[in-house]
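Asker: Spelled out from the first residue to the last, the chains are:
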Amino acid sequence: MFQLNHYTTKRSLACLLGTALLLLAAKPSLSYDQGTSFSAVSSSVQSKMVKIYGAGGIKGLEAYQSGFLISEQGHILTVWSYVLDTDYITAVLDDGRKFQAKLVGADPRLEIAVLQVETDRVDFFAPKAAIDLEAGDRVLAFSNLYGVATGDEPTSVLHGIVSAKTPLDARRGAFKTTYRGPVLILDAMTNNPGAAGGALTNREGKLVGILGKELRNALTNTWLNYAIPMSELNQAIDDILAGKTRPRSVDDSVKRPDHPHSLHKLGILLVPDLLTKTPPFVDRVRSNSAAAKKGLKADDLILFVNDRMAESCKTLKDELSLIDRIDSVHLIIQRGQELLELELKLSDGT
Amino acid sequence: MKRLTRWCIYSLTLAATAGMAEPSGLLAQEIPEAVIKAEQQRIQAIARATTSAVSVFANGGKGGGSGVVITPDGYALTNFHVAKPAGSAMKCSMSDNRLYDAVIVGIDPVGDVAMIKLLGRDDFPCATLADSDQVQVGDWCFAIGNPFLLATDFQPTVTYGIVSGVHRYQYPAGTLLEYADCIQTDASINPGNSGGPLFNANGDLIGINGRGSFEKRGRVNVGVGYAISINQIKHFMGYLRSGRIVDHATLGATVATDERGRVIISNILESSDAYRRGLRYGDEVISFGNRRITTVNGFKNVLGIFPRGWRVPLEYRRDTETFEAFVRLSGVHSPEQLLAKIQRPAQPGPGPNPDKPKDKPKDKPKDEPKDEPKDEPKDEPKDEPDDNRKPPRPQPPRRPQAGPAPKIPAHVAKYFKARRGYANYYFNLLNRDRIWNRFSEETDCLRLNGKWTLSGTIPNRGDVEIILDQEEIRADFPQGQVKVDLTKDFDTQLAPAGSGGLLVALQVWKKLLTEGPAQFGDVYYLGTAPVLNQKGVFDILIGTRNVVETRFMFDPQSGQMIGLEMFPDLSLDPCEILFADYRDVQGRSLPHLLKIRYGNNDFAQIQLTNYALPQASAEKKSP
Numbered sequence: 000m001f002q003l004n005h006y007t008t009k010r011s012l013a014c015l016l017g018t019a020l021l022l023l024a025a026k027p028s029l030s031y032d033q034g035t036s037f038s039a040v041s042s043s044v045q046s047k048m049v050k051i052y053g054a055g056g057i058k059g060l061e062a063y064q065s066g067f068l069i070s071e072q073g074h075i076l077t078v079w080s081y082v083l084d085t086d087y088i089t090a091v092l093d094d095g096r097k098f099q100a101k102l103v104g105a106d107p108r109l110e111i112a113v114l115q116v117e118t119d120r121v122d123f124f125a126p127k128a129a130i131d132l133e134a135g136d137r138v139l140a141f142s143n144l145y146g147v148a149t150g151d152e153p154t155s156v157l158h159g160i161v162s163a164k165t166p167l168d169a170r171r172g173a174f175k176t177t178y179r180g181p182v183l184i185l186d187a188m189t190n191n192p193g194a195a196g197g198a199l200t201n202r203e204g205k206l207v208g209i210l211g212k213e214l215r216n217a218l219t220n221t222w223l224n225y226a227i228p229m230s231e232l233n234q235a236i237d238d239i240l241a242g243k244t245r246p247r248s249v250d251d252s253v254k255r256p257d258h259p260h261s262l263h264k265l266g267i268l269l270v271p272d273l274l275t276k277t278p279p280f281v282d283r284v285r286s287n288s289a290a291a292k293k294g295l296k297a298d299d300l301i302l303f304v305n306d307r308m309a310e311s312c313k314t315l316k317d318e319l320s321l322i323d324r325i326d327s328v329h330l331i332i333q334r335g336q337e338l339l340e341l342e343l344k345l346s347d348g349t
Numbered sequence: 000m001k002r003l004t005r006w007c008i009y010s011l012t013l014a015a016t017a018g019m020a021e022p023s024g025l026l027a028q029e030i031p032e033a034v035i036k037a038e039q040q041r042i043q044a045i046a047r048a049t050t051s052a053v054s055v056f057a058n059g060g061k062g063g064g065s066g067v068v069i070t071p072d073g074y075a076l077t078n079f080h081v082a083k084p085a086g087s088a089m090k091c092s093m094s095d096n097r098l099y100d101a102v103i104v105g106i107d108p109v110g111d112v113a114m115i116k117l118l119g120r121d122d123f124p125c126a127t128l129a130d131s132d133q134v135q136v137g138d139w140c141f142a143i144g145n146p147f148l149l150a151t152d153f154q155p156t157v158t159y160g161i162v163s164g165v166h167r168y169q170y171p172a173g174t175l176l177e178y179a180d181c182i183q184t185d186a187s188i189n190p191g192n193s194g195g196p197l198f199n200a201n202g203d204l205i206g207i208n209g210r211g212s213f214e215k216r217g218r219v220n221v222g223v224g225y226a227i228s229i230n231q232i233k234h235f236m237g238y239l240r241s242g243r244i245v246d247h248a249t250l251g252a253t254v255a256t257d258e259r260g261r262v263i264i265s266n267i268l269e270s271s272d273a274y275r276r277g278l279r280y281g282d283e284v285i286s287f288g289n290r291r292i293t294t295v296n297g298f299k300n301v302l303g304i305f306p307r308g309w310r311v312p313l314e315y316r317r318d319t320e321t322f323e324a325f326v327r328l329s330g331v332h333s334p335e336q337l338l339a340k341i342q343r344p345a346q347p348g349p350g351p352n353p354d355k356p357k358d359k360p361k362d363k364p365k366d367e368p369k370d371e372p373k374d375e376p377k378d379e380p381k382d383e384p385d386d387n388r389k390p391p392r393p394q395p396p397r398r399p400q401a402g403p404a405p406k407i408p409a410h411v412a413k414y415f416k417a418r419r420g421y422a423n424y425y426f427n428l429l430n431r432d433r434i435w436n437r438f439s440e441e442t443d444c445l446r447l448n449g450k451w452t453l454s455g456t457i458p459n460r461g462d463v464e465i466i467l468d469q470e471e472i473r474a475d476f477p478q479g480q481v482k483v484d485l486t487k488d489f490d491t492q493l494a495p496a497g498s499g500g501l502l503v504a505l506q507v508w509k510k511l512l513t514e515g516p517a518q519f520g521d522v523y524y525l526g527t528a529p530v531l532n533q534k535g536v537f538d539i540l541i542g543t544r545n546v547v548e549t550r551f552m553f554d555p556q557s558g559q560m561i562g563l564e565m566f567p568d569l570s571l572d573p574c575e576i577l578f579a580d581y582r583d584v585q586g587r588s589l590p591h592l593l594k595i596r597y598g599n600n601d602f603a604q605i606q607l608t609n610y611a612l613p614q615a616s617a618e619k620k621s622p
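Taken in sequence, the protein lines are chains H and F.
Sequential numbering of the first sequence, starting at 0, is according to numbering that gives the first Met the number 0.
Sequential numbering of the second sequence, starting at 0, is according to numbering that gives the first Met the number 0.
The shape of chain H in the complex, shown without the other chains:
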């Protein structure tokens, strides 16, 4: 009993002391920028926003998402999603100009992609100039949620604060996503259908992060409103812009080995290549093949081959044809919501 009281007293003392110190030390530092109205900020940000249209349109899969310009060469940062699974990605700029966008590259681990439109008359966010925010900071979220805006209509703006900065608790049974890094949890309903790829800014319109894809907690049936800080993405953006993820097969001058890899030799059979850009889903894996030995399974989606994007069955075949049989093949695959990496060597199979 005494022990308990003693413990309780000590704990009380510690709490009180802590409270007192906190209160005494707290120097309120409020700032109020009278010169910056949200309407002015909104106007300045809108010129950098992009409405993106692509694949989808069937029930539950919106055929649109959001993005924002990140270079004067017309590069657009957005999320990597099924919307981009088409040769006809349409990007509509704030002034209503409509372009067919090219997929420059993607990082499936971060779930981002970079598109490009052929124009140089654009306003843009400089990703490296993005700022970090902490819990309690006010934010604005710009996106084309629900596809409300079309043509030259401005995207939607929501306001809120950063509730927390925390690693995303992404796992089976909770939030299903491949992203595992820190996120900014927001108190506003920012991550609606079509909002993914939108820009999160501070109250002055400075870029903070990108709105992530819709995430629903399967346990609590709640939807997460969050953004990925730009600081987590800048390296990947650099790599994409540097062409590190671009398929080598697009370059005709690349020297082809005399004895390249092939799907057949690795023991991989893909789904029938019926579309202009059929995603390279594995249909079957031959027993005792190199692929089977490393655990590749039917229904796996092959995303990258030796860190190069394999956005279609054709691209995957072409990329393999550039790798010599004596070299190993590094695959990044998606199985359900998981990303897996496999190292295939022809010598492993029979």
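By construction, these hints were calculated from the structure, which means they are not laboratory data.
Misleading hints may appear alongside valid ones.
For lysine to any residue, the following SDA-like pairs were computed, each having C-alpha atoms within a straight-line distance of at most 25 Å [to be verified]: (1) H/K205 x H/Q115; (2) H/K97 x F/V546; (3) H/K97 x F/R290; (4) F/K36 x H/K254; (5) H/K205 x F/G137; (6) H/K101 x H/Y87; (7) H/K97 x F/R316; (8) H/K101 x F/G260; (9) H/K254 x H/K205; (10) H/K97 x F/T319; (11) F/K233 x F/T50; (12) H/K97 x F/I285; (13) F/K594 x F/V546; (14) F/K36 x H/A39; (15) F/K509 x F/G479; (16) H/K205 x F/A37; (17) H/K97 x F/G479; (18) F/K36 x H/N201; (19) F/K340 x F/Y424.
Quick caveat, the model's predicted, so the values are computed rather than measured.
Using the hints provided, position chain F relative to the given structure of chain H.
Answerer: Below, chain F without anything else, positioned relative to chain H:
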């Protein structure tokens, strides 16, 4: 030991208390004056706005919603989908802790607006109507309402946010409700907020909340609410006061975006006024309703904010030439179609579960021009709950089941008069008589049933004499003599040529003046509408005589009839007469300048120099 512990606790508690006091003092000192001022402004704006907010409760427990009073004598706005299940009468609470009876006035089912009138006072606190075209994305705003019907203590709920978008177009949901040119906000708009006010930061009314995008997230706010702009409702205000079931408009043409991003006419009805004004297939729409048109949505936004029958400026381009015209908008529905649609039991419900209809707008009326494919895909928000997800999310109260309409209390019933095609015919009669009585103060021609002789000139062309007799009209114009046989159908006697039926129009005018609206035939109050080349809006009475329909236009300030439009057929151009230069004629004020227009042309200006009127007969005076 114990004493020491107690002392420590006491000391630290004191320190903590002092610490609490000091920082709060510091806070008060260091908070910038602008923040404190902004906070005070916000408090005052909310306090002022709250007084005009209304919580609507349908009689018989049939749900409810929100509303806002806009005049001291109790006229209030809400959503059609809130008023519909309530029927003709409802109960409304306000923040003064009082419950008021209210009666339906007029409804706009397509625009999802209803006007009701609270009874019992003539000094209701009312909202100030803002200019919603001045609203900008990023502006602070707040909604006041009755979400989830929480205002059982009569106190409404306030939710604050910013304007997320302006001039938004939301496709018709269900069979009717179309939200054009609406304001998008992230202020929480939940079931029960429907019909309630959206205010700007000053506490002035900028819109009526009514819809949200929900999709798979259930019927609760997801940060995307829409309010009908108050400027749109201003256009419909007179129509709503008419007690009628009000329709929206169509141009009689559809638009689409071409490969160059231009908004072009993709289809046009040859029977439309736009066609008669010169608009053709393939023309590029440059501006409409004085707004630049760059998207199909932008065009639909303009179309959605004007009532049927209004004339709206249109600028269009063909090749390199630009044209300007005022086009008369026709109705989207026939009266029977509109009635059928609003009586459809499957209409999405108001009240606690109001905001989103379930059926998609696939059953547009066949006579409605299909409004083009959009230039970009757009989702139609759906609000079906996803029953497959677990655990179930909290649900708002269920919509009560329909039952027999509750009886209107006797003290409310005297403000209600049922008539087919009207929400409440009482208010149509009220306005018809208001306009007529005001007009009659200066222009009492009742019982002057005999021969009227109007003499005058058409400047630079010659003299005119028009004799409006009992059986016929005879007229001498510079171009010759003309007659109209009043025993035959008027629509085949549109003399003189090129006028569109001036003599018939004058005969109809004389009949209204001498018989009054009650004896004339079916005369009803349309509402208010603009008149070509005149500033402001004017009260319109519509009457049918013989086979022609005539619109009589009255200045709401002076009470004078400023003109009329006589339609021999509603699909043809009317004969338009503007009346001016009112002067005394034997103790009554009559116009001495008639400006006649037909189609795209001015027919003539007649300067009258003399009225020869009969003696008043001893017939009974119109009520």
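Asker: Are the hints correct? Go through all of them and say.
Answerer: Hints versus structure:
1. As the CA atoms of H/K205 and H/Q115 are separated by approximately 22 Å, the hinted pair is consistent with the 25 Å bound.
2. About 53 Å separates the Cα atoms of H/K97 and F/V546, which puts this hinted pair outside 25 Å; it is violated.
3. For a cut-off of 25 Å, the pair hint linking H/K97 to F/R290 stands: about 22 Å separates their Cα positions.
4. At roughly 71 Å between alpha-carbon atoms, F/K36 and H/K254 are farther apart than 25 Å, so this suggested pair is violated.
5. As the CA atoms of H/K205 and F/G137 are separated by approximately 15 Å, the hinted pair is consistent with the 25 Å bound.
6. Distance restraint check for H/K101 and H/Y87: the Cα-Cα separation of roughly 8 Å lies within the 25 Å cut-off, and the hinted pair is therefore satisfied.
7. Between the alpha carbons of H/K97 and F/R316 the distance comes to roughly 22 Å, so the proposed pair stays at or under 25 Å and holds.
8. Between H/K101 and F/G260 the alpha-carbon distance is near 20 Å, which keeps this suggested pair within the 25 Å criterion.
9. Between the alpha carbons of H/K254 and H/K205 the distance comes to roughly 45 Å, so the proposed pair goes past 25 Å and is violated.
10. Distance hint between H/K97 and F/T319 is fulfilled; the C-alpha atoms sit about 24 Å from each other, no more than 25 Å.
11. For the suggested pair F/K233 and F/T50, the alpha carbons sit about 21 Å apart, so the restraint of at most 25 Å is met.
12. Between H/K97 and F/I285 the CA atoms are separated by roughly 19 Å; this keeps the pair inside 25 Å, and the hint holds.
13. Restraint check: the Cα-Cα separation between F/K594 and F/V546 comes to about 24 Å, which is no more than 25 Å; the hinted pair holds.
14. Distance hint between F/K36 and H/A39 is fulfilled; the C-alpha atoms sit about 21 Å from each other, no more than 25 Å.
15. Distance check on the hinted pair: F/K509 and F/G479 sit about 23 Å apart at the alpha-carbon level, within 25 Å; holds.
16. With a C-alpha separation of about 24 Å, the suggested pair H/K205 and F/A37 falls inside the 25 Å cut-off, and the hint holds.
17. Restraint check for H/K97 and F/G479: not satisfied, since their Cα atoms lie roughly 61 Å apart, outside the 25 Å limit.
18. Pair hint F/K36 plus H/N201 holds up; C-alpha atoms about 23 Å apart against a cutoff of 25 Å.
19. A threshold of 25 Å between alpha carbons decides the hint, and for F/K340 with F/Y424 the separation of about 19 Å falls inside it, so the pair holds.
Violation of the numbered hints given earlier is confined to hints 2, 4, 9 and 17; the remaining hints are satisfied by the structure.
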